[in-house]
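2 protein chains.
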Amino acid sequence: MASNQQVKLLGAKGSPFVARAKIALKLKGVQYEYIHESLSNKSDLLLKNNPVHKKVPVLLHNDKPVCESLVIVEYVDEAWTGSTILPSDLYHRAQARFWSKFVDDKVLPAVFKAATNPNEKEKEKGGEELRESLKILENELKGKFFNGDSIGLVDIAALFWLPIIQEVVGLDLNNSEKYPKLEKGGQEIMNHHVVKEVFVGISPEADPLLAFFKGHFHSNTPSK
Amino acid sequence: MASNQQVKLLGAKGSPFVARAKIALKLKGVQYEYIHESLSNKSDLLLKNNPVHKKVPVLLHNDKPVCESLVIVEYVDEAWTGSTILPSDLYHRAQARFWSKFVDDKVLPAVFKAATNPNEKEKEKGGEELRESLKILENELKGKFFNGDSIGLVDIAALFWLPIIQEVVGLDLNNSEKYPKLEKGGQEIMNHHVVKEVFVGISPEADPLLAFFKGHFHSNTPSK
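Chains as they are written, first to last, in the working numbering: chain A, 1 to 224; chain B, 1001 to 1224.
If we strip away everything but chain A, and leave its shape as in the complex, we get (with noise of 0.2 Å):
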């Protein structure tokens, strides 16, 4: 695809669904604008753009959207050359959209569930639904990635998550013991170059990590 395209990313702080998109943008060198938006207050470009969810991430290509992280994941997949994101080997393919899902629709609920459910039943029980699904994909992760060597669809979904969820969520899951291929995985991608770019300067006073996150758990509005 010609470079002289015209691409924004609106986003907003705090959200790890923004930062998908943003890693696989930077990992095919895209070059784009990026659009705070104020969740508090979304602006008319958001509301238009994705009526549906009214959520960040919003991928404007020539001023087409492209909502949803992982769907914007793919189509950046498919629009830019450069590094690849899923694999080429169509079973490969189909296994990444399985995982990819499977966080999306396993891991994240049972995070938020054990991260914001007023109710104490409900979040112990999302407490131990995310270590179930958890220990279903420390068994998944074989490599340096769940991609092998490079960054792929489900690291992009998953990995960078892990560092985090122990300390924002305040759920003890004893990573290193119980999780020792994902506590790996997710220092691998947090230090690798494109994500690091990601994650720094949004707080570079404090840890760029904690601070990307913190205020996206404590607000209680998910975004994806």
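Simulated from the structure, these hints should not be mistaken for laboratory data. A few of these clues could be false.
[Stated by the list, open to error] Simulated restraints on C-beta separations:
(1) B:GLN1006 to A:GLU122: 40 to 50 Å
(2) A:SER83 to B:ASP1089: 14 to 24 Å
(3) A:GLN31 to B:LYS1135: 35 to 45 Å
(4) B:LYS1064 to A:GLY29: 25 to 35 Å
By construction, the Cβ of each residue, glycine as well, lies at the ideal position given by its N, Cα and C atoms.
The hints should help you fit chain B onto chain A, whose structure is shown.
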């Protein structure tokens, strides 16, 4: 892809998610062996090939499992030539993914809430959410199908639910008045020869469409 592939589909009677996989396979003209699963007594084959969700449908392509109905549909589209299920245009492909995700994330949870939630208030809320999301879908349906003149991903995800929601879920959706395009699209897809093949034969003595779904909705065990 060569035609001498071994293709099996693990399914269960009354599962609209299995119907999605069947429609995709039949649209492509793929010969496959259908293996019936009893959801109250799941086989070792199912548990081994979908250990994460333990649900149908599971596609076995030369013994390699692909799970989750929309992942299967997309895999089938990529693995076999024939009718194109996802648009070839990148932007339209992203839109198809967005809308099929909308069906699974918004429409169907509302259907299940309205149909099976034991709490009357929640049931009612499910009904409202369903009406709201159907209104959004109605506005999206521009042609005969979401995909234009041929059946595509969103049609497989969404359309054949419509004719049965009112009767099976027991909601007065007043389809033809409020959702005339969805009503017509639902009829169009059910009259398509491939879709007819999928539904007819399930219960030849009864209305095949309703017979197919009633068991599913009242079993209260949605598969995906």
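Query raised in the report: Which of the listed hints are broken here?
Result: Structure breaks no hint.
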